[in-house]
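**Q** Line by line, the protein sequences give chains A and B.
Residue numbering for the first sequence follows the working numbering, beginning at 15 and increasing consecutively.
Residue numbering for the second sequence follows the working numbering, beginning at 82 and increasing consecutively.
Hint data in this document are derived by calculation from the structure and do not stem from the laboratory.
Keep in mind the model is a prediction, meaning the values are calculated, not measured.
Warning: the hint list may mix true and false statements.
To be verified - No more than 20 angstroms apart at the CA atoms, straight line, and that leaves these computed lysine to aspartate or glutamate pairs for EDC-like:
#, chain 1, residue 1, chain 2, residue 2
1, A, K106, A, E118
2, B, K190, A, E225
3, A, K266, A, D287
4, A, K224, B, E110
5, A, K224, B, D217
6, B, K157, A, E225
Unchecked claim - If the Cβ cut is set under 7 angstroms, some of the chain A residues that face chain B in the computed set are:
#, residue
7, I226
8, M229
9, A234
10, T235
Ideal Cβ placement from N, Cα and C applies to all residues, glycine included.
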Amino acid sequence: MRLEYYLRETAAGLRRNGIVAFAAMSTAFIALFLFGLALLIARQFNLVIEAWTGNVQVAVYLSDPARPQTVTRIQTNLEQLPAVSSIEYWDKAETCAQFDQLFEGQDVFQEGVDCERAIPTSLRINLADPSQFDQITAALGCEADGATQEIQCTEPGVRDVSDYRDLLDRLTAITRVLSIGVLSIAVIMLASAIALVANTLRMGMFARRKEIGIMRLVGATNWRIRVPFLIEGLVESLIGAAAALAALFVIKVFFIDQLRGELQFFPLIRNSDVLAVAPWILIAAVAVAVIAGTIGMRRFLDV
Amino acid sequence: MISLQRVTKTYKNGVTALTDVDVEVEKGEFVFIVGQSGSGKSTMIRLLIREEDVTKGSIYVGGKNLAKMSSWDIPKLRRNVGTVFQDFRLLQDKTVFENVAFGLEVIGKPKHVIGQRVPEILEYVGLGDKLSNYPDELSGGEQQRVSIARACVNRPLVLLADEPTGNLDPNTSVDIMRLLDKVNRIGTTVVMATHDQAIVDAMRKRVIELDEGHVIRDQSRGVYS
Numbered sequence: 015m016r017l018e019y020y021l022r023e024t025a026a027g028l029r030r031n032g033i034v035a036f037a038a039m040s041t042a043f044i045a046l047f048l049f050g051l052a053l054l055i056a057r058q059f060n061l062v063i064e065a066w067t068g069n070v071q072v073a074v075y076l077s078d079p080a081r082p083q084t085v086t087r088i089q090t091n092l093e094q095l096p097a098v099s100s101i102e103y104w105d106k107a108e109t110c111a112q113f114d115q116l117f118e119g120q121d122v123f124q125e126g127v128d129c130e131r132a133i134p135t136s137l138r139i140n141l142a143d144p145s146q147f148d149q150i151t152a153a154l155g156c157e158a159d160g161a162t163q164e165i166q167c168t169e170p171g172v173r174d175v176s177d178y179r180d181l182l183d184r185l186t187a188i189t190r191v192l193s194i195g196v197l198s199i200a201v202i203m204l205a206s207a208i209a210l211v212a213n214t215l216r217m218g219m220f221a222r223r224k225e226i227g228i229m230r231l232v233g234a235t236n237w238r239i240r241v242p243f244l245i246e247g248l249v250e251s252l253i254g255a256a257a258a259l260a261a262l263f264v265i266k267v268f269f270i271d272q273l274r275g276e277l278q279f280f281p282l283i284r285n286s287d288v289l290a291v292a293p294w295i296l297i298a299a300v301a302v303a304v305i306a307g308t309i310g311m312r313r314f315l316d317v
Numbered sequence: 082m083i084s085l086q087r088v089t090k091t092y093k094n095g096v097t098a099l100t101d102v103d104v105e106v107e108k109g110e111f112v113f114i115v116g117q118s119g120s121g122k123s124t125m126i127r128l129l130i131r132e133e134d135v136t137k138g139s140i141y142v143g144g145k146n147l148a149k150m151s152s153w154d155i156p157k158l159r160r161n162v163g164t165v166f167q168d169f170r171l172l173q174d175k176t177v178f179e180n181v182a183f184g185l186e187v188i189g190k191p192k193h194v195i196g197q198r199v200p201e202i203l204e205y206v207g208l209g210d211k212l213s214n215y216p217d218e219l220s221g222g223e224q225q226r227v228s229i230a231r232a233c234v235n236r237p238l239v240l241l242a243d244e245p246t247g248n249l250d251p252n253t254s255v256d257i258m259r260l261l262d263k264v265n266r267i268g269t270t271v272v273m274a275t276h277d278q279a280i281v282d283a284m285r286k287r288v289i290e291l292d293e294g295h296v297i298r299d300q301s302r303g304v305y306s
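Given these sequences and hints, build the entire structure.
**A** If you want it as structure tokens, here you go:
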């Protein structure tokens with residue numbers, strides 16, 4: 015009875031408000047789409063950062079086979095350096111599992127190539143003070159070849175030292191600029207969505223001011239009066255959210271999936287990434303409805 | 082049933098509508114509030130359903146202090162106080178039955194209660210044969226009956242009527258007064274604001290006269306002036 019009443023009132027409200035409700039829904043759609051896009055951009059770049067730098071500033075690659083006592087010796091040496099904040103040892107199994115996961119569905123390791131042979135084990139280092147990179151190379155007795163810039167190390171067991179400080183900084187900066195840029199457009203659009211949804215609610219309440227007046231006279235509770243409008247706003251923003259999710263999947267299928275297989279060593283977002291942003295889009299949609307409801311009904315319905 | 086104690090109401094624009102008003106109304110009484118336009122009659126009605134707050138003094142309805150009532154309790158108050166107005170306030174897109182049912186529906190009464198009480202009250206007000214008519218198919222008097230039915234369908238303790246005959250011709254007004262009297266006889270306290278002299282004189286009920294916000298007369302079995 016009660017549910018039926020709310021559904022009937024909501025449907026009537028949406029019909030009556032036709033065009034304005036459509037404007038609210040499409041704005042909510044664009045806003046939530048951009049919001050989801052910003053989240054996906056961040057996820058995409060995090061994948062790239064993970065694949066290219068392991069999310070660390072310095073990687074010390076060890077020669078095969080890496081004996082446990084060699085690993086321990088180098089790790090202990092490096093841990094004593096004041097510039098080092100943390101060190102993690104990645105063995106073959108761990109490294110290959112990580113690559114399999116990042117490049118799932120992409121044939122990075124062509125048939126016959128064995129990951130265990132192709133990928134070296136490594137010590138992954140984050141620096142407490144990134145400007146003190148030289149401490150690491152000095153400790154391992156490494157020197158850059160003047161002509162080729164290739165690093166040669168005298169420390170036994172060390173094959174190569176990679177300095178990812180620059181790359182990591184740049185990738186992080188690009189991620190930040192892109193996702194914050196899109197996110198701020200999304201925020202502006204979300205604000206317009208809130209305004210438009212609030213406006214449909216207000217128009218609905220104005221169209222029904224006589225009914226609302228009678229409801230108050232006969233003692234209907236505030237919630238009884240408000241809930242149909244709140245549901246109306248919620249339906250509008252949830253339809254926008256559903257459309258936004260659909261659009262993100264379309265982008266993933268027709269844009270991202272086309273690149274898969276063409277790009278080597280460039281990991282790409284998958285369906286699970288789109289699914290992972292879905293809850294955030296839904297939360298944003300509900301927030302739009304709640305804020306719009308609060309704004310739209312302020313003043314109008316004070317007893 | 083109703084008690085106003087030293088009630089003063091000053092609106093935000095500085096107009097003082099009521100000054101130091103003391104009124105006691107017993108359960109089951111029929112009271113006319115008379116006075117010229119702007120004397121404070123409507124303000125009194127609005128205070129009694131807490132559409133407005135008192136500025137000073139206190140009002141009790143059914144033993145409850147309206148000033149201390151939380152906004153959650155206001156709907157409960159209004160379920161116990163029926164209201165009727167000069168302009169009927171009916172919904173044009175709903176039938177007579179639906180208009181009265183609306184009053185129960187929005188306070189969450191179940192369908193079987195609505196199905197039983199609405200025809201009952203419409204029969205009581207003399208509209209038993211007009212259940213599926215729309216308001217614009219009814220005369221003014223009939224529309225006011227629908228409005229009275231809606232006000233009474235939840236069996237309120239008090240019925241407030243603000244100029245209920247203001248839009249009606251004298252003969253129809255008499256019919257409406259008969260109906261209000263009938264509602265009063267089943268125990269409902271009725272407070273009616275009016276400046277219809279003929280009606281007040283004919284009914285010989287208690288009369289409270291307001292002038293510029295002051296009670297200048299309170300007389301049982303009174304006349305208009």
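**Q** A separate judgement is required for each hint: does it hold in the structure or not?
**A** Taking the hints in turn, this is what the structure says about them:
Of the pairs offered as hints, the one joining K106/A and E118/A holds, with about 18 angstroms between alpha carbons and a cut-off of 20 angstroms not exceeded. For the hint pairing K190/B with E225/A, the CA-to-CA distance comes to about 17 angstroms; that is within 20 angstroms, so the pair holds. The hinted pair formed by K266/A and D287/A meets the criterion: a straight-line CA distance of about 10 angstroms does not exceed 20 angstroms. For a cut-off of 20 angstroms, the pair hint linking K224/A to E110/B is broken: about 31 angstroms separates their Cα positions.
A threshold of 20 angstroms between alpha carbons decides the hint, and for K224/A with D217/B the separation of about 16 angstroms falls inside it, so the pair holds. Straight-line distance between C-alpha atoms of K157/B and E225/A comes to about 18 angstroms, which keeps the hinted pair within the 20 angstroms bound. For I226/A, the shortest C-beta to C-beta distance to chain B is roughly 10 angstroms, which exceeds 7 angstroms, and the interface hint is violated. With a least beta-carbon distance of about 5 angstroms to chain B, the hint placing M229/A at the interface is held under the 7 angstroms criterion.
Taken as an interface hint, A234/A checks out: its beta carbon lies about 4 angstroms from the nearest beta carbon of chain B, inside 7 angstroms. Against a cut-off of 7 angstroms between C-beta atoms, the interface hint on T235/A holds, since the closest Cβ of chain B lies about 5 angstroms away.
Checked against the numbered hints given earlier, the structure breaks hints 4, 7 and satisfies all the rest.
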